[in-house]
Amino acid sequence: MAVGQRTVDEETTPARGWGLNTWDSPWLNFKFLLGVAIVLLILLFGLVGPLFWDTDLAYTGAGPLNKPPVWAEGGLPEHPLGTESNGRDMLAQLILATPSSLKVGFLAAIIGMGVGMVLGSIAGYVGGWWDHVIRTISDSAITIPALVVLVVIASYVQMTDTTAMALILALFAWPGPTRLVRSQVLTLRERSYVRMAHLSGASALEIMFVEMLPNMLPWLAASLTGGISAAILGATGLEVLGLGPTRVPSLGLIINQATTNAALVRGLVWWWLPPIIILMVIFVGFFLMTIGLDEIANPRIRQFSSSRRERTAAGELPAVGLVDDGAGGEEDAALKVNDLHVHYFTPRGEVIAANGVNFKLRKGEILGLVGESGCGKTTVAMAILQVVQPPGRIVQGEVRIEDRDLVSLSGKALRQVRWRDLALVPQGAMNSLNPVTPIREQIADAILAHESIGRVELEQRILGLLNDVGLPERVISMFPHELSGGMKQRVCIAMSIALNPQVIIADEPTSALDVVVQRVVAQTLLEVKERLGVSMVMIGHDMGLQAQLVDRIAVMYAGNLVEVAPVESAFAEPLHPYTQLLIESIPSIKERKPLNVTEGLTHDLRDPPPGCIFQFRCKHVEQICRERRPALVERDKDHLAACWLYEPDRHSLIELEEA
Amino acid sequence: MTETARGEPLLQIRDATMEFGGGFLSSQPPLVALDSFSLDLHESPAQITTIAGESGSGKTTLANLVLGFIAPTRGQILYKGADVSQLDRKQRLTYRQEVQAIFQDPYEVFNPFFRIQHTFNLVMRHFPLARDKAERRELIEEALNVVGLRGDEILEKYPHQLSGGQRQRIMVARAYLLRPRLIVADEPVSAVDASLRAMILDIMLRLRDEHGISFLYITHDLSTAYQIGDNMIVLFQGITAETGDTGRIIENPQHPYVQELINSIPVPDPKIKWDTNIRLPAEETMRTQGAEGTASGCRFYQRCPHRMDICLEKQPPLIPVEGDHAVACYLYEDGNEE
Amino acid sequence: MRGLTKEYVLQRFLMYLLTIWMGTTLIFVIPRLAPGDPVSEMVGRLSLDAGYIENADKLIASWKARFGLDAPIHIQYLRYWGNVFRLNFGYSLSHFPTEAWSMVSKALPWSLGLLTVATVLSFSIGVTIGSLMGWRRTPRLLQMFLPSTLTFTAIPYFMFGIMLIYLVAFELDWLPATGAYSRRVDPGWNLPFIKNVLSHAILPVVSIVLTSMGGWALGMRGLMISVNNEDYFLLAQVKGLSPARIFFRYGVRNAILPALTALALGLGGLISGSILVEFIFAYPGTGYTLYQSIISQDYTVTQAIANLIIMVTATSVFLLDLLYPFIDPRITYKRNMR
Ligand SMILES: Nc1ncnc2c1ncn2[C@@H]1O[C@H](COP(=O)(O)OP(=O)(O)OP(=O)(O)O)[C@@H](O)[C@H]1O
Ligand code: SF4
Ligand code: SF4
Ligand SMILES: [Mg+2]
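Chains as they are written, first to last, in my numbering: chain A, 1 to 659; chain B, 1 to 338; chain C, 1 to 338.
It is possible that some hints are incorrect.
[Said to hold, decoys possible] Calculated cross-link-like contacts (lysine-lysine; reagent style BS3-like; alpha-carbon spacing at most 30 Å):
| hint | chain 1 | residue 1 | chain 2 | residue 2 |
| --- | --- | --- | --- | --- |
| 1 | B | Lys-157 | A | Lys-590 |
| 2 | B | Lys-90 | B | Lys-133 |
| 3 | B | Lys-157 | B | Lys-133 |
| 4 | A | Lys-590 | B | Lys-271 |
It is worth saying that the hints were derived from the structure and are not from the lab.
The model shown is predicted, which means the values in this text are computed figures rather than measured ones.
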């Protein structure tokens, strides 16, 4: 994955650094812990029970018949939960039955997991024929209705104890884990750290157990808890049918005896209900563990649930005055971004991804937006389009097209502006097309959401658009996976011009493409722009490409714009030290030059320093830079920079303040 | 510089071919990821050899072959004269130790589960590098110093607590710790920002010059190759299109494909605008390996502006043009010279 | 390449056969691997119930001869397969002149009806709930209410069935507790009968649907959340599409594909569970008949039913598999298995 597409949850969610900070640990998942507690309680009941209660009472004839529990009329204190039709004490039966049910579940699931881990790792790690065979068998086995086979087996094989039962249940407990382990190994195998371990001389076993295993732990655990409840269910099923071990009490057996003795009709609720309740509690416990583990394994699910809760108000923000970026008269601005602040409210603090961004996009120009990864380029683009992803939010600012402020629009009004006035060529064209619908429908969708036109005309229009970007007509009925990367990107361009918008935001439109294709796509974009006279914000980190494509360039650093200038003067005489650094470190095939080595982004976006945002890396830093943030002001003709170096009065400024 | 002058090559690849797919229940023919690839790499002087190509050209396949992750379908890979697939235990250990790698993604090279320490311990455990704990610590410290880091700053941390630059440098330190003769650097800078890029490239240069370590620098980015590379091989769909001195190839490419590639690189100077008259290939023709005409002949045929009848017959061999510089194109066969 | 390819169909068909083979072979082999042989076990159990059986040895020998259990195991196995293929399982033991197959075919429609209705309901309700739960734009009120529909998810069907019988049938006396229809109505295409059948089916269906839909819902919720984060989902918003269109064409349409795979994989479990439901409700379907045959030691019927259920399940999975490429245009491309 190129850095350009790095999603943030990889960097800011704790899913990756397990044991680090106990209170941040994802294992502290409420559902999971609750599930663990429930199962432990039940286990305790079975383990401690025999110490307090005479379990011999669980056998035939130990007491009076059909006595209700002690609290009901006719109940006896020596049988607190009553007795059934054979005079067996319910409490004693339950105490004996509970651990045996759990034992079967654990045993079968653990055996299944063990087999699954062996087979799954072989399939995933060795691959080839092994993989094919194991995969085919486990995929087939998983669809066999287990209980049918179990019932038939059990009808011949008298199961004497729970171990035999667990063994037979294990026959059906391995395909799930096998599939899981295989797919996990397949993904982890390609991870660089696994390949690194290989190069460090680690053996296959070591790689499997030391490098891979810890990273699949939550998935394995979820599969294990799921497997345990499945096995308990299978065992109980057999017992309920009367096909389990009949000499040892088990929860299913109690239910079987109750139902076959018509306990339901006879109103002997205390006979059939308690085992069912215990089973339900067990199942609920494992279920909670499973879904808790699911959340642990998939940070997205966790994030989704928390982002809906999180609607905290942002703190007070320093009001940053509107700065005129010298874009000239109001009329020729196609898009205005005023004092835009976007924050991501992560569990570990507020990430300030856009911190008072101001710019104007002139009619008919291409404005480049550059900066290193994570500086907030995509965030600005998403904020302009009003699709900032949670936990992010626009906390302040305006985005104006003509006289409308998009930030204040919502619902239908916003939908009407989208695409008609403001379109997007997305960053990841690879994934920006709906994989299951043909290209025709995806372009038609955009058109039909805003206009109603007939089918024939629609078809003509789509063909025209494809033609505009140099794609053959047959693309119209193709699916995204049938197109190459460059073709997909051109489909996206065709789509973006479908409604002849005023503004197109292009987020790294070519970053995932090979150079030759990149050039084809970039030129398509230029042609389209020339022909339609559309204005464009072109996000990118490749300075070479920017030099070729844009009219003006805006340089962003840690959420702030630090320089905005016509591309020629930005390259010829960059003002801001950061821009200078960027320009100097461009590798070129035109000249060999010494490498310019510096550190990357050095402060945390959650905690920007007072004063200039670039102070930690700047060679020219002065006192004032540490205290006051420089504003983005025009320093040269049409050339704006946010740097104190160009403020002749800067020294007096501090003195004034101190005075 | 001829072979005899430098003795036995460090790494020698002889006619290596790698095919994927095909087989059980598959109706598609196997994909030829690398086709009869040959390469000689000498120990001294240490050099940075660039393997350049677009996605799918076989670069990573080559890296995996050299690192021993996969074995070639046909052909041989020799390390210090011994076939890599037939090493005995001791040779294998040496090979593992002396051929190391740094990878593309600085976010993925460390197991998120362990502290950075783990990475170094792993190496220490499997190779006889140090006798005792103190010596180990010393070696690690020294390796970290080479890349400008300090042990007490990072060893106890988890990967996500470090910056991308730190992680990438630690990865280089890990490789350096083993005193390798060859480092395979698979796109080490394509996923990082400009500042980091310069830092990594600089470290590579220093390792070459100060420690005599050779590099196989695998990249799609010709401009960084131009900055640091000594020799270069340009791959096109698994075939060597052009090979020779990096500067010579980039300043004066001979193969039509390499010319197209270099012309497509955007020049970072707004004053030198792209020549819009240049004919660009239609994209449909770009990814048709094994399409008609290319199955047996030159793979670039469909896109080539200079194609000739002979090009359809069979894949052109590498034809020397000047010194080490060779091109797989019939244009340079005697008598065809333009 | 869209729709079905030969390769895909062939592969699925192989897996189809494999599934049937494994299921039926398990049924055949395991009892014979177990200590003791099935007939003695059966007779043993019989004697356990009856206290004592005269001439137990003779009985065992004659039963063995009758089932061909005295032949060598591979002959038995071949015969067994012959029977499975011809759907010929001999006569029922407990209802002698009736053929096992005819008993089975009487039970099958009831099960198919019950299960089809229950599966379709539970899957579609579950998927709807899950999609809404995993969508950011679902109204707040609905978002708060939806999780409560998952209350019964963790509870096995049959336990829920028992509770339903107790509450709805016995305590409240709203619906009949057991059977497929009452004795007092004439079976046939008449309104009272149909009404009667429906009222008997409500409780079993409800117990399956309420307990199984939560699983689909949770799965679908996770899938929807992933789709929510996809680039195409974001682009759909930026295109200014109506929320409904985004939800269905971009959200559900994509998320449902893995859910359908899960359905195919989960079918076996669903059918297993329904056996118990039929048992609890004395519903005269295959599951109940299977139970009856086991209780009455009706060996032939047991075999027939078990094989039938395995085959029907495998066939449904196979049909779902064949349907899949039409819903997901990528499937024959990726060449991956479920
Ligand atoms: N969903 C999110 N949750 C938390 N933080 C986020 C989220 N999305 C972005 N951020 C943070 O906001 C900052 C800006 O991210 P953004 O994606 O806008 O950068 P970018 O300039 O587009 O980078 P790239 O060049 O990698 O595309 C980063 O520090 C990132 O960590
Ligand atoms: S304001 Fe100061 S610290 Fe910031 S860039 Fe300018 S000189 Fe450097
Ligand atoms: S061999 Fe022929 S087709 Fe191939 S690159 Fe040379 S001239 Fe073009
Ligand atoms: Mg971005």
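Each hint, compared with the structure:
1. B:Lys-157 / A:Lys-590: Violated - the C-alpha atoms of Lys-590 (chain A) and Lys-157 (chain B) are around 41 Å apart, more than 30 Å.
2. B:Lys-90 / B:Lys-133: Given that 30 Å is the threshold and the Cα spacing comes to 24 Å, the pair holds.
3. B:Lys-157 / B:Lys-133: Status holds; Cα separation ~19 Å.
4. A:Lys-590 / B:Lys-271: 13 Å, holds
Consistency with the previously given hints fails for number 1 only.
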